[in-house]
Every structure is written in structure tokens, then in C-alpha cells.
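As they're listed, the protein sequences go chains A and B. Using my numbering, the first residue of the first sequence is number 117, and each one after it goes up by one. Using my numbering, the first residue of the second sequence is number 54, and each one after it goes up by one.
Treat the hints with caution; some may be incorrect.
[Said to hold, decoys possible] Straight-line Cα separation of at most 27 angstroms, DSSO-like style, residue types lysine-lysine; simulated pairs:
no.: 1; chain 1: A; residue 1: K380; chain 2: B; residue 2: K388
no.: 2; chain 1: A; residue 1: K217; chain 2: B; residue 2: K539
no.: 3; chain 1: A; residue 1: K210; chain 2: B; residue 2: K539
no.: 4; chain 1: B; residue 1: K388; chain 2: B; residue 2: K91
no.: 5; chain 1: A; residue 1: K118; chain 2: B; residue 2: K539
no.: 6; chain 1: B; residue 1: K506; chain 2: A; residue 2: K209
no.: 7; chain 1: B; residue 1: K527; chain 2: A; residue 2: K132
[To be verified] Okay, the calculated beta carbon distance ranges per label pair:
no.: 8; chain 1: B; residue 1: K566; chain 2: A; residue 2: E201; range: 23 to 33 angstroms
no.: 9; chain 1: B; residue 1: K566; chain 2: A; residue 2: K382; range: 33 to 43 angstroms
no.: 10; chain 1: B; residue 1: E154; chain 2: A; residue 2: S415; range: 58 to 68 angstroms
no.: 11; chain 1: B; residue 1: S319; chain 2: A; residue 2: F379; range: 26 to 36 angstroms
no.: 12; chain 1: A; residue 1: A284; chain 2: B; residue 2: E238; range: 31 to 41 angstroms
no.: 13; chain 1: A; residue 1: R303; chain 2: B; residue 2: I192; range: 20 to 30 angstroms
no.: 14; chain 1: A; residue 1: R303; chain 2: B; residue 2: I254; range: 42 to 52 angstroms
no.: 15; chain 1: A; residue 1: G398; chain 2: B; residue 2: S319; range: 19 to 29 angstroms
no.: 16; chain 1: B; residue 1: E503; chain 2: A; residue 2: E201; range: 15 to 25 angstroms
no.: 17; chain 1: A; residue 1: V249; chain 2: B; residue 2: K566; range: 27 to 37 angstroms
no.: 18; chain 1: B; residue 1: E534; chain 2: A; residue 2: T267; range: 42 to 52 angstroms
no.: 19; chain 1: B; residue 1: G464; chain 2: A; residue 2: E201; range: 27 to 37 angstroms
no.: 20; chain 1: A; residue 1: G398; chain 2: B; residue 2: E534; range: 55 to 65 angstroms
No lab work stands behind these hints, which were simulated from the structure alone. For clarity, every value in this text was computed on a predicted model and none was experimentally measured. A virtual CB, placed ideally from N, CA and C, is assigned to each residue, including glycine.
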Amino acid sequence: MKALLVLEDGSAFEGKSFGASGECFGEVVFNTSMTGYQEILTDPSYCGQIVVMTYPLIGNYGINDDDFEAEKSFMRGFVVRENCEEPSNWRSKKSVSQYLKEQGIVGISGVDTREITRIIRSYGAMRGVISTVEEDREKLLEKVKKAPFLTGQNLVGEVSTKEVYTVAGDGKRIVLMDFGAKKNIIRCLNKRGFEVVVVPHDMEADDIMSLNPDGLMLSNGPGDPVDVPKSIETVRKLINRLPIFGICLGHQVIALALGGKTFKLKFGHRGANQPVKDLKTGRVYITAQNHGFAVAKDSLPSYALVSHVNLNDGTVEGIRHKDLPVYSVQYHPEAAPGPQDSEYLFDEFANIVNS
Amino acid sequence: MPIYEDIKRVLVIGSGPIIIGQAAEFDYSGTQACKALKEEGLEVVLVNSNPATIMTDKETADAIYIEPINVQTIEKIIEIEKPDGLLPTLGGQTGLNMAVELFEKGILDKYGVRLLGTSLDTIKKAEDRELFKKTMLEIGEPIPESKTISSIEEALLFVKEIGYPVIIRPAYTLGGTGGGIAHNEKELITILHRGLKMSRIGQALIERSVAGWKEIEYEVIRDSKDNCITICNMENLDPIGIHTGDSIVVAPSQTLVDKEYQMLRSAALKIIRALGVEGGCNIQYALDPHSFQYYVIEVNPRVSRSSALASKATGYPIAKIAAKIAVGLTLDEMKNPVTGSTSACYEPALDYVVTKIPRWPFDKFELGDRVLGTQMKATGEVMAIDRCFEGSLMKAVRSLEIGVEALKLPGSGSWTEIQLENKLRIADDERIFAVAESFRRGWGVHEVYELTKIDKWFLEKIKNIMDLEKEIIKAGKDIDEELLAKAKQMNFADSYIAKLTNLKESDIKEMRKRFNIKVVYKTVDTCAAEFESVTPYYYSSFESGEDESVKMSDESVVVLGSGPIRIGQGIEFDYCSVHSVKGIQQAGIKAIIINNNPETVSTDFDTSDKLYFEPLTLEDVMNVIEKEKPRGVIVQFGGQTAINLADGLYKNGVNILGTSFESIDIAEDRERFDKLLTSIGIPHTEGDTAFDISAAVDIAQKLGYPVLVRPSYVLGGRAMEVVYNTEQLIKYMENAVKISSKHPVLIDKYINGKEVEVDAIGDGEDFFIPGIMEHVERAGVHSGDSIAVYPPYSLTQKEIDKIVEYTVKIGRALNIKGLFNIQYVVSEDGVFVLEVNPRASRTVPILSKVTGVQMVKVATRAMLGESLAAQGYYTGLKEPPNYVVVKAPVFSFEKLGLVEISLGPEMKSTGEVMGIAPNFEEAFYKAILASGFTIKEHGTVMFSISDRFKEEVVPIAKEYEKLGFDLAATPNTAEFLSNAGMGVKPIENAVDLIRAGKIHLVINVPTMGKVPSRKGFKIRRAAVEYKVPCFTSLDTAKALARALKKFTGLSVPEPFKL
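With the hints as constraints, model all of the structure from the sequences given.
Quick look at the structure:
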């Protein structure tokens, strides 16, 4: 079956449908990871987005039972150069197309993903559609122009847990504010002995405190951080009451709670190869990233220090409160997928909470 | 950190001659390193014995020594040049071993030379088996159970504990020399006996075999601030058990989930940190295909063949960055040279698939043991890039130049099922074709997996290709747009589609045009298009997408490269291609290069104005030409590879720059060439062409024996032989060639004389001869395998004048524009032309360096219209210098079991070295040393001489006797020598004596050759395997005696600065 991908700038690509059929709208972004499509598919941060994989062969090792980052995929659509129908890996249980079908996600293969990437690189991330039902490009373009922007949607609400739940651990208790947390954040905390209480993104500060946490973890999540004003307010109230560690959207929420500002990057950072410099040690770490917004350096108040920067474009990759145990990074120390170089940040958090 | 303040002058040691396991990749990395050091304002002192390299070019370094790479020589160079630092990690294992030796002997300390980058401690931790094991265990990285042993008894005891199969890896050897897998006690003893001898320290590692596991490699870089990045990971299509240099390798890994990828990546960072490497490092793993279990197999604390491949596969210049790290820079302060804007502290993201296939020399060595194992056997490799695996595999296969255009070997259809099964089970160089053949016959993926243990992902892909092949055959002439588009996406060559559909290649091309199925070019940019890049490095694909390559607005010229390194076509042609690019650029024209060899300088993205990493077939080259519309194409510098394309290019209306196609054809076509020579009155060897065996016998009898026989159109003298009687002739005709009306055999009168080689440059008017080289060995030994001397050492002025006269005449008759090479034989009867090559020859780099004439640049500019006169050259021979240069061949016989080592018309050497000195004797001695022989002052010389040459050996044996050597000989030769009045010890058990180290030099002129069961063959093999110098030509033996007489090895020859 044919499928069409149409972008807001009017470019259109005809390919083959794989996964579910139908029509899906979203912000079209690209990811340069060469491995880890299963984790990417199930990273809730991609809620509201159509993801283009720049590596041309996707699905080589299938989908296994273990490497999910969420119970389901929130991705809107999936774009690949070539989809592998005969995966090979000892843990493989099904093909990507089978998984997409189960999840109701529309996919398109057989398109020039490099050309699409180059378009996004010069135009910026933009809205787009994948359709297996409509063949008229103009009509699809009109629809795209009416589709919602990423900003302004309640994406965090869609992916965050509705209920409080606890993942048992022998040690101290961490409350994880779930903006769309990847499971590996929980695993990383758990591995360090913590009991993890996962709470909805909109839980009130007092309710969080009533759980008697020893530390607060702010997760990654989808969309524009300004779309979670209530969470920002909650964090502001907790800043001098708990050690706080934020990742990705959680990092942006901390920056906003501290009085800083965020802005939208042209096409974001999505991949497993972003170099980040720790300004304290001068060391560089290769990091996994997935973000379209960033913290504006000049907007930060004097008590918030930039701790990490991106070596490629100089954007803020981490901040730290001058006096309080509050800090955050824009990238993913939990990896999955991507390099594990930054897992030490969880150790640091554990030291703070445990001391 | 800025560069170290106390370092101003750096010594770089190259890797020496091209041998199996150490090829052109170290010219690439060494050249890049030297450039990088000079960029940082440092002075570079370079030592390399290989004259065919770019790195020994004037522009590459500040002081250049083409000298033997040994401690004595390098100490002298250090004394003269007074470098502050030594960069040990860019000259392969040779450079690394030399650095260790210099350090251990206290020479670096004595002269205050600092080891840069990776420390000696680190080198030892990675190279010394026990230290390596200890380090890995300390950091909790798993390695296969193993034990370092220095005797066979120790080995047997250990294997009792862990069981067979086991791998044997001798310490400090190249490309796994002397190693192997043993499945039982007998195999263990055989391999170890040799392996221990080969090891520099007499040690070997016995290790549990994990054959069948996935073999995965990581290329890692670390700086002095402890920043670590991985440049690339690679997956071997062939599982563990085959040396990675002999494996088909794919980048990036295809079958690893992120967890596996990151697990091995994290381990790689841990390992490079534990070792403390500052620079590049290669780490090899075995990964269980059924669990997360893995072992660290090997670590190379230096740039390697794999890092050259990774550099070309990703665009990231590993050697350049590693060199800068060695002098103090850190990753975070350098820019990614490919994007020009982002950080060098970055891990490339690929958006294509890279496939590397080794190029093996079994076309030259039909007797060679083709089975692949832990001992590397390939001489070179090709790489191809495409957006899908099928496409990159298909492109790589047709880049090999082994007479295939797809996954089909001629004759594979007639393999029996049992043969096919064996070919799958026991891997040799043809296994990938066997896999394809099995799917062609409808075998199942699982069946093939069971036999090969190749991951099913790869097998499915190969099956895809075969399924499509079947579809195309079925469609035949009715092939439609969809099917054709699919075939092109998998990068089937037009010529192959034509074959499958019974159409003509031109029909397919026409059809493609009609259906608008177009080739597009994509950029290799290290970042999967995330950032803009500045590198003009392209590969083709047939995906229906964007073409990123924009035709240059300026006038351009295309230079065709020479493809994979193989016997007969080595690194010298890459040197020529690179120089041609420089010549074009000097003329103010843009240069485009097309080549497929990842080991080379020519495929470095900053060599040319545009690089197309493509197969060198007519279709692939025409695609580039149609895109770029260059002023012309240069075919003279890419060896026979490029010359062979001239015909097709010419017929497609492409402007071939320089010597016309017509002239090329005359030079290559025996009959036309003979006619031409006769018409201008130049004597040449008599001969005729035979189309069947009886005609051959008639011709030979008419000419009189001995005769030289060879198939028409050959490269490097393939299947060429001197035969002495009818019996031998018939045997040759039946076995060595498949004679037919299409493939005739040339039979020439063999003239016993001196062989002389001339390289000259023409512009159509003037013909300038930079130099003449005289061979030490008489005619009959392939020029590539001869020791050659510049200037000639025994020719008369009259003979030289004749040679000059003929060369100019031939140049004029062929209207040569550019380079040409003529081989002459000079006998008592006069000077005869043997052959003319209308292209650069393998002696061009050496002559360019020693005569100071930049031959390729001059020739290129002549081809572009600038006359020789305008460039300051003239008709005639350049005045020779007051020094002597000797070029000597280097062989890789110890890597290839059962190969005949005696010299003949068929080329066997893989590389060459040079000796340069004020006189012949010293230059000769240097060349012999540089080629890896150790000549003992005294000891036993053993003679074993064919009856034909027994008379001739007497005075030579006398020379050795006078030099103080003890003489020994096989019984017949001994009898002959004692009758001639010499004290000679007859020996029966030559092979045992060689093994026992009792023979120090072997002089053996074989009667037959090529028969492994014969005594002589066994003697020669034993000599090779036990590193005893063995000369099979009396001329070499005579020249050596002359050198030894005048120049004793007790003193070290003075280094000669170029």
C-alpha cells in the first residue's frame, strides 16, 4: 500500500505504508541514532511528533520484550528509508511493522530520509502528515496547515501517569514527577536502591510533600515546557524543600521555575552523539538527546549556574542552583537508547539524597 | 590544552613495505599525521623504507629518510636530526615495534627523545599478552581463557584444562602471522612450531576458541584530558574464526540492539581509559549471538587497518586527530574537519551502509591455501557505500576486479551440492559467492546459517539479491520499470541486468533513461545531514531522491584510481593518482578522483576537489562523467584498472587526456605493436600467438627453447612462465591457461640478457627520460620482483644510447603524451624491446624521488597541454646523480602456505623497499636489510642448484667461501661443487637443518618449481617459514656476495637524507 508524507513547506514524499494505515499529524523531527529504535518508539517524549530515522535500515533486530521505555508508543508517525521484515536477534519477538500495527501507528518506508532531514535542517521542525488514505498532496497540505502546533497541546497530560504508583526499593524514597518518564529513569533510580513513587505531572506540592520524599526527580516529557504551568508552579514551591534532579523537560521546568526562559530550537537535538561539556571538570561526555526546546542562557537568574553546554552549538545542557541541591540536565543520563557515559549523574543524585 | 611547548621536531616512523597485514593504510595514516603535525607548526622527520608512498614525498615532511627501519639506522637518524619527540602509533606494527625497541635499548633516553601520545606502558599493556590479560581482569572485562606459553609442552598442558578448539596467537607479529586454530594435538604442534619462531619474543597465546560468535570492532579515540569517543563500530559478516582483515566487514553494526551496542561501547571506553591510550585505538570483541555474553579479543593501541576503514566509512579523520592529540591538543578544542563548524569531540552518525571486502592474491597463487583463518591472507581491500546493504555489497563485489560483476563466480553453477556445502562450511575467499549460489539453488536461510554461522540478517539480505535475480531472469526482456528500479536500488550493474535479461548493456541504460531511473549522489558528512558539511565526499545510490552533488562550475578533470592493492598493482599507483591530482590543481583546474580503496591517500576527502567513492567499472565511471562533464579523464595513473577502462570510455565519446586510445591499443595489442616496431626499425623479441596447443608447440619449436609463454592481456605477468622443453610447454598449456580463440597464448623467444626498465615522459614532441633502471636478475624474472638499480651499473654507454634512442622513437611513434614505460632486454646480440606500457609504471614513485623530477605532475601538465619545453625539460636522458639507488621486492610468502617462492616471470611480491647510498654495494646492502632479511656475517650457505645452472654457480660459491661462509649443498650440487675444488658439506636433511637454525642463507635455483611434493619446494618453504634468506636467482646471490665483500654488515650504513 502506498503512503504519502507531506510537510508544511509543501514538500511531499511517496513511499510504502508499513504499520497501521490511516492518517496522522504531528511535528516532523529527525533522530540520528543508529540503534535504539525500540526505545525511541516508546519514548513518551515523542508524543505529538512524527519521527524520521536518519539511519536507513530500521527494524534489523526486531522488537523484543524488554527494551520498552513505556507501556505503549505515543509517537504519531514513523518514517524510515527501509523497514526490515526479517529481523534477526536472539531476543527479537516481532518486526517493527507488526509493533506499529499493534500500536496503531502509521509508518512510511521507502522515502529519502536524508533529503527529508536536509529539508528539516534548513526549514526547521515543522508540521506534517503521513497518510495512507488520501492521495491528493494539496489536500493533505491544507490539512497540515490546520493541524495543531506542538506548542499549546496538552501532550504531557496524555502521557503522564494518572495514578500514583510505587516501584519498591530498600533505600530512600524518590518522588518522580512523571511528564512522560522513560522507564530507564525508574530503573536507574531503583538500581541505586531507591524506592520510586511515580506521581502525575499535576500533583500539588503539598501532596508530594505528604509522600515524605527524600528527593524529587523530574522526568523527561513531550512538547513545550510552557504548556505545563502548573507543574512549574509546583516545582517552584519545592525548590528549597527537597533535593531535585531534572532531566530534559524536567530540566526546562526547573529553569522556568527558577525564573528562566526557554525557546524553541530550529530542529532540536535528537540522537546518541551530542557532545556535552561539564564546565566544572572540563570533561566532555557523549550524550543521548531528544529535545526541541532549550533553556535560554541569558534568561537565568544569578543563582542559577550553567553547568553544562553543548559543544556543537553552545546551548545550555545543564544548570545547577548556586546554593541548593537542585540541578538538571537537558540530555538523558538514563540513555536507553544511547551512550551510558552520563549515568554517573544518578550517582551524584544518590549521594545528595543519601547524605 | 595547546600543543606541548617542548616539542618542536617530531620523528615519525612509517610502516615499511607493503606486506600482507600492513598495506597502504599506513601511508594514509602516516601522511595524515605528518600533515597534521605540520599544521601545528612542528617540524617532521620521517623514516620509511617504502619509496612508493606519499608520506616519503618532499612536501610531507621536513627531513625524509628512505632507509631500513632498524634500530641502528634510526639511532643514526636521531643523532643527525635531533628530534624532541617520537610518534610511535601511526606506522603500524612496524613503527610501534621499532619505538618499543628504541625505548628499551635506551636510545630515546640517550638523545632526549620523548615518546608522544601513547606511552610505552600502554603499548605493553595492550601488546604483551600477560599484561593485557591482567589489565582486563583488573577492570572486569572478560577475555577468553588463555595462557601465554613459550613451549609446546606448556601449550599441551594448558589445552588439557580447557579443551579444543583453541586459537594460537604468536606475540608481536603482524596480521596474525604464524597463528591459527587447532582442533587437535597434531594441528596444535604444527602451528606452534612455526608460531613461536615467528614471534619476536618467542611467545604465543593459547586461547579458548569462540569461533562462530559475532565479531564486532570499535574504533575509539582518547585525549590527555580523558575525553573518549567512539568513531565507529563495525560488524564482521564472517563470524569469529576468520581474521578481521580477511572478513567482509560492515559499518555500522547491523544486528546489534542498542543495549548490545552500548554495552560494548561502554566497555571500549573503559578499556581505552585503563590502558591510557592517547590517540586512536581499535578494540575487537566476540559477542555471543544468543546472550549478552562477550569477550574482548584484541586491542591495538594505535591506528590500524580498521581505523583507516573507519575513517573512510565515517569521514572522520582518525589519524589526523590522533596525531594532534599526541602533541597535546584535546578533542574539545578541535573542530570536526568534515563539518568545519561542529566539535571534533563527536561520534559520527552514518546514514548509509558501508561494506568492505578483502582482495586476496589467489589469482596469482593458484596453489596457495585459500582457506581463511586467523592468519590474514588478503593483500588489499575494497569498500563501497550505499543506502542499503544489498547495494553496498553489490558495489563492493564489482569493485574487486576478479572478473565478476555480481554475486556470481564463473563456474559456480557447476559446483556439486557437496562442493557447495564444503565451501559454506570451510570458509575460503569464495564463500560469499557460495552463499549466493546456495540461495540461487533454493537452499534455505537456516541451512546456510547452520553451515556458515553468518547472522541470518546478512543471509536474508543476500537471499533478497538472489530472489531479485530470479525475478529479473523470469521477466527477461519484459523487465518493467518497477523491477528495474528495484534492481538498481540494490545496485545491480547494468551489464549484469543485461546478462540476466538477454539484453544489451546499452538497452538497459536506454531503458533507465526512459523510466527516469537516475543515479544520485549523497554526501559522507559524519553527521547524517544534521549539520551542513564542507567535504566533497560522495557515493552513489539509486534511491529516488535528492542528488547532493552539484556539477562544479570550473573546468574539471577526472583521475581514475587503481582500486584494491593486489600483487602487480600496489600503492605506487595511488601515489601516481594523488600526484596527478596535484598536477591538475597546479594547472588551475579542479581534480575529481574516483576510487574504491579505503586504505589510500587518494580516497582522503581533502586530496582532490571532489571524491567519488565508487567502483571502477565503466558504468559507475560513466555515471560520474555524465554528471561532472569534465574536460577529460586521465587513465594513465590508475594501473591496469584504469587502462582497461580506456576502451569503453573512448567508445562512449569520453576525452581521454594524454596518449590517445588508439596508441594505448597499439601498445597493448601484441600484433599491432610488433608491426609498429618493425616499421620503425626497432628490434624486439620474436614471438607469435597460438590459438591451440599444437600451434603453440609448432611456434616454440620454430623459435627454439627456452620460450616465454603467457596469456594475452595480462597484469603483473599472471600465469607467465619460461619453459625449456615441449613437455613443460604442454603441461603449461593444459594447466595454467584456458586457451581458446578468444584467449590466445603468446609465445616469445626467451632472450637471456640483462633486463632494463625505462620510464619516460612525452608531450608528443619531446620525450624526457628521468632515469633508467637496470635489473640485477636476468630477463625472465618479473620486473616487479627484480632488484633494480639506478643508474644502470653494468651497461655500456653505447647500450644506454641505444635505449634512449629507441625510447624516443617509440614515444614519437605512439605520440605519447604523459608517462610511458618500456622494458628492454640487453644481450650480446643487442637491445630488444620486451614491452611498452602506455601508463605510469611501478617504478615512477621511486624515480621521481631519486631524480627529483616530479614525473607525474610533469606528465599531467603535459597532458593538459603544457609542453615539456615550457616546463624546463627536453628530449633525452637526465644526467645521473652521484649516488646509487637499489629497489628490492618484498614478499609475503610466510602468510601464504604452499606458495611457490622461486622467482619467475609471474609477479609475486607485495611491496618494495629502497636503499640509497654513494655506491652500489652499500645501496644493495641497505635494500636487502630493508626488505627484512638478516644477513649473517658468517655461517652456512646452502646451495641447491638445478643442473642447468650448476656451471654458473661455481664462481659464486667461491665468493661465499672467500667471505668466510661454510658451504653446504644438496647431494648433487655438493658433488658438483667439490669436483670444482670446494670444501662443501653434502646434506640430505636440508629442511631439518633450516628448522634447527643451522643454515643461514639458502641459494636455490629450482628445476621445476610449483610442485609442493618436491624436495626443492620444501626447502624453499622451510626457509620462508623460518625466516632464512632464500635467493632463487644466481644473479641476486652474486650481487649479494659483491655487496658483502665490499661492505661488511658489522658497520651500519650512513643514512642518506633525500
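Legend entry - Violated hints, by number in ascending order, as checked against the structure: 12
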